[in-house]
Amino acid sequence: MAADSPHLLDSLVLGLSLAAFFLFAWVFLVKQLFRDYRRELTTGTAASERATGAQVLFSLTLTFSLTLFELIIFEIADILDRGSRWFYWKVSLYAILLLVIVVLPFYQFYLLLSHPKGSRFARRHRLPLAGLAWLVYFYFFWRVGEKFPLHSAAGASRSWLAIEPAMARVGVFGVTIMAILSGFGAVNSPYTTLFVFIRRVTDDQLRTVERKLLQTDKLLAAKRARLATEETRAAAAHDQRGLVRRAFHSVSQATGLADRTAAGLRDEARVLEALAQQIRADLDTLHYEKGRYEDTATLRGQYFNLLGYVFSAYCVYKVVMAFINIAFHRIGRTDPITYGLTLAVTHANVRHLDVPFWSQQLSFWFVGVMVVCSIRGLLVQIIKFFRAFTRTVSPANVVLLLAQLMGVYFLSSVLLMRMSLPPEFRLIIQDVLGTVEFHFYQRWFDVIFLVSALASMVFVYFVHQAQVDTQRALAFGQEAEEADWDRFERGLQPVGTPYGDGPIRLGGGEL
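Each residue of the sequence shown is one higher than the one before, starting from 1 at the first, in full-length UniProt numbering.
Treat the hints with caution; some may be incorrect.
When the alpha-carbon atoms are kept at most 20 Å apart in a straight line, the in silico EDC-like pairs for lysine to aspartate or glutamate are as follows [unchecked claim]:
#, residue 1, residue 2
1, Lys31, Asp10
2, Lys290, Asp204
3, Lys218, Glu146
4, Lys223, Asp267
5, Lys90, Asp204
6, Lys223, Glu273
7, Lys290, Glu210
8, Lys290, Asp203
9, Lys290, Asp469
10, Lys218, Asp267
11, Lys223, Asp204
12, Lys290, Glu273
Hint data in this document are derived by calculation from the structure and do not stem from the laboratory. Values in this document were obtained by computation on a predicted structure and should not be read as measured data.
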């Protein structure tokens, strides 16, 4: 048997883990993402088929992604035969790259072209058109990679069938996405977790907003009832005009007046709907902030506040180190575990510490925690993303997009995780991707991370100022007179803020 061929027992273990991962991905998709669309996906045959295809591809992508991290942990813990680990490592990499670069984009184009509301020509020729769209996508995907120093060796294999060029190009997009999200998280997480940024919300403020929401809902209901009456009157006038249009000119004038009245009522109803939605969103935010403020007095709240300070210090450290790495062209060459143990031996007078042994043990747990946190955080974001975008886009298309982003994310995590491992455990990554310029991705991550963090600081500042303005509007609204709703009832006039005079500013904009 060849050195890199898998053993039967190892194949059985990996096969069982693949089945378990696939089952987990399938259940996650059904229970968390598709739970609000079960009736829609079972009644329509075409919709059900599209959802099933997207479900299979999503589950396969998550399955092979989890297998990558499993094999890294197996490499550190020396579980299974080395040849088996490396064989399935290559298989998993090829599978994810095939899904991310070929299968998922092609099927995405195919579903978009076969949409029932699309043109008949596109539906009839959806297969060749999807192939043509994928060729254009692949051309630009490959050309973008040529603009970056992705390979460390001059004689590296550049064949588009090789694993290194494909992995390098996927890594550019994935590392960029990870750096942007990490930069935003490094700024937003301390802002959302520390007590110092929590605003006190009183019961009077909540009652003010609830009263305005009730008034808006009542006015909207009255406006809709009047609109229904005007539409009925306009329909009757249209029927009458068709019978005696030539005999009675006044009927035509009445019909035009009814149409204009109905159009004006529709505009007013749309404004009120936007106003009610805005107030309702602000009310939910205020309830959430009130709960957070009350939580500050509990032991649980104090514990999470302490964790927030620790995490905030880590975020500040990450931002500072990214700036230092960029300013001094520094690239870390030692993993954090070995570096910390070496400092302990050198400065803490711990002379009998077995650095290689503890490096392996701590690396195992460190990578395990990184994997669990990455997977959990990604799945949480997937749920939020799915629920936000499925209101306007087909659930199957959103799932395919999430599957592609997920595959890119996990592949890029492998590239960045290399520096977190001791040198002896990097071989499983470096041997397969030996021609990839890993240092480029570290520097690229630092640059994008720092830019994202600085931009996020500006964004969070303006969000905080908007929330302060909201608090002031609420405080003013408790003493102000009721908004002039009668003025709005007489015509499409500005209502003023829901909580006082002036423009409506809650929710980040003006109405």
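Open item on the list: I'd like to know which numbered hints this structure contradicts. Please list them from smallest to largest.
Closed with: Violated hints (numbers, rising): 1, 3, 5, 11, 12; every other hint is consistent with the structure.
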